[in-house]
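K.L.:
Sequence order for the protein chains is A and B.
When we follow the working numbering, the leftmost residue of the first sequence carries the number 79, and every step to the right adds one.
When we follow the working numbering, the leftmost residue of the second sequence carries the number 79, and every step to the right adds one.
Calculated from the structure, these hints are not laboratory results.
The reader is advised that the hints may include incorrect statements.
Any copy will do: because identical chains look the same in the list, a pair fits if it lies in one copy or spans two.
Straight-line alpha carbon distances no greater than 20 Å define the calculated SDA-like cross-link-like pairs of lysine to any residue that follow [as the list claims (entries may be wrong)]:
#1 K151 / S125
#2 K151 / E286
#3 K151 / P110
#4 K151 / R114
#5 K182 / E286
#6 K151 / Y206
#7 K151 / G115
#8 K182 / E99
#9 K182 / R250
#10 K151 / Y100
#11 K182 / D102
#12 K151 / P91
Everything numeric in this text was worked out from a predicted model, so none of it was measured.
Residues per chain, in single letters:
Protein chains: 2
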Amino acid sequence: MPLIVAVDRPLDPGQVSRICEYADGVKVGLPPAVPRGAEWARSIPRSCNGLRILDFKLADIGPVMLSIVEPFKDYYDGFIAHSFIGSNGALIELKEVLDEWGAKLILVASMSHEGSREVYDRARMHVYEVIERVHPWGLVAPATRPGIVAELRARFPWARILSPGIGAQGARPGDALCSGADYEIVGRAITGSPNPVDAARRIRGEMENARSECS
Amino acid sequence: MPLIVAVDRPLDPGQVSRICEYADGVKVGLPPAVPRGAEWARSIPRSCNGLRILDFKLADIGPVMLSIVEPFKDYYDGFIAHSFIGSNGALIELKEVLDEWGAKLILVASMSHEGSREVYDRARMHVYEVIERVHPWGLVAPATRPGIVAELRARFPWARILSPGIGAQGARPGDALCSGADYEIVGRAITGSPNPVDAARRIRGEMENARSECS
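Model the full structure from these sequences, guided by the hints.
P.N.:
Pasting the structure below:
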């Protein structure tokens, strides 16, 4: 199953557990984690099978990123950081410690909003050098820009590609999968629905239909 | 006074209050805020006069950044975000809402670790375009690289420059001030000292001596 649910608001673990019946993983971000606290952020991954990702969009020097993720080490499989910050003194240090933990590093390679074209995408040859040097388990690339997903797929065949931007930001379920992504990340279109469980089931069905048509 | 204390570990408000007698502001980051929670992060700025900065190194799309900072709107004067995420759909949206709140936006323009040279600094002409477009109150630039501080000072005379990297990362107190920074941010050299209050007093003295020698 290619669907990862982004828990972008303070759902309770029971709700997440029911949504996760139709997903292959869960991603927890800062907006609900900061006010609800570490205990809440640790309770969510327990409610889901599959891939458990902490998405704090880490973008700091190595020691600071490590002290941010350390409290979550036994609760998550993967941690998202920005490739833009570079390897030396930052991502290399993070990667080494995550490797020791048996955890996965996932690097943002490009973003889903228009502003990603202003710096991130213009500097992407430098970003790709960082990705080659750090060799993360996965990459985040926007479903809203299938050309970028396809470029990453060709250039980094060893990496899993995770694509946000489905629903509220304009991409349709399956768009990124058909461009080479391994997972699509869906937040508001599920968590903001009056019936999140139905929304997850429906979106997952749409992803599978789209993928069977394009493959 | 040019000294901002980075509360990079879970000090109690009483300790912060005593350190702040020798500082002109306080900056609170993610490492202590996530495990201690929002209540703790709201208690710290009350313990300090001067500039109160929430440093979550925001680097996401606009709506996500806004939902991260909203719980802190009445507690902090300024919020730090990364310039590399671009303006459209990200920093412009954040700036508009912070303006409505009467809060300050502070953008990271370059970082203090070696990896900052790999992408951030190479893409800095694009980063500077974002800074011009967004027109933040302040910029973060590393005390460890005085050339970058001086370049920002010349290019953005209207911006306050805040420089981390003093102490543990190698810059001396006053280095950045002498290159054009308005504030120096000190964390570990104060908070990791056996006597943080004495360390703050001593470092502030060193800053003032250095500044009087170079000006």
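K.L.:
Measure nothing new, just compare the shortest in-copy and cross-copy C-alpha distances for K182 and D102 to 20 Å and report within, between, both or neither.
P.N.:
Intra 16 Å, inter 40 Å, cutoff 20 Å: intra-copy only.
K.L.:
Treating 20 Å as the Cα threshold, decide for K182 and R250: within, between, both or neither.
P.N.:
Intra 27 Å, inter 36 Å, cutoff 20 Å: neither.
K.L.:
Are the CA atoms of K151 and P91 at most 20 Å apart within a copy, between copies, both, or neither?
P.N.:
Cα proximity of K151 and P91: one copy only (19 Å, versus 28 Å across).
K.L.:
Up to 20 Å between alpha-carbons, please classify K151 paired with Y100: within, between, both or neither.
P.N.:
Classified as neither: same-chain Cα gap 25 Å, cross-chain 36 Å, threshold 20 Å.
K.L.:
For K182 vs E99, is the C-alpha pair at or below 20 Å within one copy, between two copies, both, or neither?
P.N.:
neither (23 Å within a copy, 43 Å between copies)
K.L.:
At most 20 Å between C-alpha atoms: does K151 with S125 qualify within a copy, between copies, both, or neither?
P.N.:
within (16 Å within a copy, 31 Å between copies)
K.L.:
Checking an output row: K182 and E286, CA cutoff 20 Å. Within, between, both or neither?
P.N.:
Neither: 26 Å inside a chain and 45 Å across chains, both beyond 20 Å.
K.L.:
When Cα atoms must be at most 20 Å apart, do K151 and Y206 count as within-copy, between-copy, both, or neither?
P.N.:
Result: close neither inside a copy nor across copies, 27 Å intra and 36 Å inter.
K.L.:
Up to 20 Å between alpha-carbons, please classify K151 paired with P110: within, between, both or neither.
P.N.:
both (19 Å within a copy, 16 Å between copies)
K.L.:
Between the shortest in-copy and the shortest cross-copy C-alpha distance, which are at most 20 Å for K151 and G115: within, between, both, or neither?
P.N.:
Answer is both: 15 Å inside a copy and 18 Å across each meet the 20 Å cutoff.
K.L.:
Within, between, both or neither: how does the pair K151, R114 come out at a Cα-Cα threshold of 20 Å?
P.N.:
Answer is both; intra-copy 18 Å and inter-copy 17 Å each pass.
K.L.:
Should K151 paired with E286 be assigned to within, between, both, or neither, using CA atoms and 20 Å as the limit?
P.N.:
Neither. Shortest intra-copy (32 Å) and inter-copy (42 Å) distances fail the 20 Å Cα cut-off.
Checked against the numbered hints given earlier, this structure breaks hints 2, 5, 6, 8, 9 and 10; the rest are met.
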